[in-house]
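Visitor: Since each chain comes alone in its own frame, lean on the hints to assemble the complex.
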Amino acid sequence: MKLFFRLFLALLVSTSSVYAWSLFSSSGEERYPGMGGDFTLQSAEGEISLKDLRGKVVLMYFGYTSCPDVCPTSLGALSTALKQLDSKEMQQIQPLFISVDPERDNGDKLQEYSRYFHPKMIGATSNLDYLQALASRYGAYFRKVEVENSSMGYAVDHSSTIFVVGKNGKLMDMIQHSDSPKRILEHIRMTLENRH
Amino acid sequence: MFKQLFPGLLLGLTLAMPAFAGTAADDLQVIDPWAREVPPGLTTSAGFLGMKNTGDKEHKLVAAESANTGMIELHTHINDNGVMRMRPVKNIPVAPGGTTTLQPGGLHLMLMMIKKPLKAGEKMAITLVFEDGSKKDIEAEVRHFSMENMQH
Ligand SMILES: [Cu+2]
Numbered sequence: 001m002k003l004f005f006r007l008f009l010a011l012l013v014s015t016s017s018v019y020a021w022s023l024f025s026s027s028g029e030e031r032y033p034g035m036g037g038d039f040t041l042q043s044a045e046g047e048i049s050l051k052d053l054r055g056k057v058v059l060m061y062f063g064y065t066s067c068p069d070v071c072p073t074s075l076g077a078l079s080t081a082l083k084q085l086d087s088k089e090m091q092q093i094q095p096l097f098i099s100v101d102p103e104r105d106n107g108d109k110l111q112e113y114s115r116y117f118h119p120k121m122i123g124a125t126s127n128l129d130y131l132q133a134l135a136s137r138y139g140a141y142f143r144k145v146e147v148e149n150s151s152m153g154y155a156v157d158h159s160s161t162i163f164v165v166g167k168n169g170k171l172m173d174m175i176q177h178s179d180s181p182k183r184i185l186e187h188i189r190m191t192l193e194n195r196h
Numbered sequence: 001m002f003k004q005l006f007p008g009l010l011l012g013l014t015l016a017m018p019a020f021a022g023t024a025a026d027d028l029q030v031i032d033p034w035a036r037e038v039p040p041g042l043t044t045s046a047g048f049l050g051m052k053n054t055g056d057k058e059h060k061l062v063a064a065e066s067a068n069t070g071m072i073e074l075h076t077h078i079n080d081n082g083v084m085r086m087r088p089v090k091n092i093p094v095a096p097g098g099t100t101t102l103q104p105g106g107l108h109l110m111l112m113m114i115k116k117p118l119k120a121g122e123k124m125a126i127t128l129v130f131e132d133g134s135k136k137d138i139e140a141e142v143r144h145f146s147m148e149n150m151q152h
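Going line by line, the protein sequences match chains G and U. The numbering used here puts the first residue of the first sequence at 1, with every later residue one more than the last. The numbering used here puts the first residue of the second sequence at 1, with every later residue one more than the last.
So here's chain U without its partners, still in its complex pose (with noise of 0.2 Å):
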């Protein structure tokens, strides 16, 4: 029913807001956003999510907001022959037909001055800023470490 109806929908949208066809918003598909638990005594952690862009041209994540953090930054980890240095990056680009992964040990929100402790199973919300200024909000499951390490 949804299927049938959502290209319908769509094409109504484009028709009607021509100005909003192919927003990164509109382009990006949001797989598995979830964020990690954060150990007691702790306001720093990490959220991981993979975009998949089904539009025809770049798309950017360039910031990040919530309201149960005071701050979130895009960083990333370079490995340095075994030695992980985390960075800040600008912005996280995910190319037309692709799919950009943020990863434990690689690209990540940095959840900074976590207000209220997250704890396994809650839903945390976050709104994604991209370069065209479009926004979109995701919803987060938090994770403890044992529901990480299922999949390996």
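Chain G with its partners taken away, still in its complex shape (with noise of 0.2 Å):
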């Protein structure tokens, strides 16, 4: 009896201690247990690392500048919501526009592109095989297809969501191609002020 009464009680001090630490660090809670995480990838301006920017929130979306409609319509709605940060807002903000079409999109193209987008957008991508181990640990989709009856060549289907990660470094948000700018402008400000 007094050994279930000991564990008992040291069963309600580990829980209790569990829950205050998870009252304590909820800005570290897992909003994605198991995806997103750290990556590296090519630009113009040379590599670009997840872990390098800590401190700031990325918004990440998965194109290709050959798209002619769904990424300029999601770039274009995310470059509007931007313009309505203030600077300092801004400065804690890192767009990052990763293509996952490396056959047609070299560094150069990509930094133009991006930046037509916004001043701040990095463009940037990798070979086939990281992009795509990349693109489904963050839940992304893409898959290059032969279209028929289409001067084309090919076409990549691809979802077209922007993913918001934390100043920690941790997938917190993602945002669905056919919100608009404000619901967007929201978004981000949830990640920015932690209101998640």
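It should be emphasised that the hints constitute simulated quantities derived from the structure, not laboratory data. Take the hints with a grain of salt, since some may be wrong.
Derived lysine to aspartate or glutamate pairs resembling EDC-like cross-links, with alpha carbons at most 20 Å apart [said to hold, decoys possible]:
1) U:Lys119 with G:Glu112
2) U:Lys115 with G:Glu112
3) U:Lys119 with U:Glu131
Guide: As structure tokens, this is what we get:
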């Protein structure tokens, strides 16, 4: 009986301390357990690693430059949202365009494309295997498909989501394709102000 | 003035040239044609418009041409659980009395091999080609992304 009581007490102490710890470190909590994580990509200005961007909210979008509609719509909406942020907020933001079409998108072309949407946006890519593994860690999807009856040669089927990585490097939020600039802005501010 | 003249003119045309009555080009009203400005270094973009069919039979858009592009294809997007799959379509039908809209995220004119960059504010001449062989010349206004997002 005494033993049971002691076990009970131990359990009580340990659960309450876990509870207290979780209260204390709610910003370190995993919103998407097992998803996201660090990566290194190549840009026109050299390598870019997520771990060098701690302290910034990173807005990641997977796409490709010859995407005529879906990518410009999403990046345009993101750009319009970013224009609403003040300069202090903007200092804490790093937009990142990740091309999943390294065959057609090289460093300079990617950089020019990214800057068209926002002067701070970095365009980066890697080899297909690396990109495929990275996309699946974040829950993004892309696949090159041959298209018949088209002079496109191939199309890239892809998801159209803006991934929001918090200042701690953890995946914090996903913004869907159909969201308006106003809604995108709300999402960004939630992570900036740690309100999840 | 024009409104009063127009039905008369139309009637006159119909009587004078019965063979031309009710072609797609006659029946379809084009609404707000525009094309997306091309980001630097690129030669692909998309064009959008609405087509309202004022006639009593279905019409189909089967092709589009422009001196400013090497090729225009008719495309759609299939949204498959958040995965956007862009695919060519053979034609774009407009039901009698109905309106078909080509818009971002869906049906579009895929502008390929663009010869000179499209800049916001410019006009791009496009010829629409219909199944019955009739054609319609339109001018699409080139828009920057900031001009699209204002509408949201
Ligand atoms: Cu297309």
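Visitor: All the hints need checking, so say for each whether the structure fits it.
Guide: Evaluation of the provided hints:
1. Under the criterion of a C-alpha separation no larger than 20 Å, the hint pairing U:Lys119 with G:Glu112 is consistent with the structure, at around 16 Å.
2. Between U:Lys115 and G:Glu112 the CA atoms are separated by roughly 19 Å; this keeps the pair inside 20 Å, and the hint holds.
3. With a C-alpha separation of about 31 Å, the suggested pair U:Lys119 and U:Glu131 falls outside the 20 Å cut-off, and the hint is violated.
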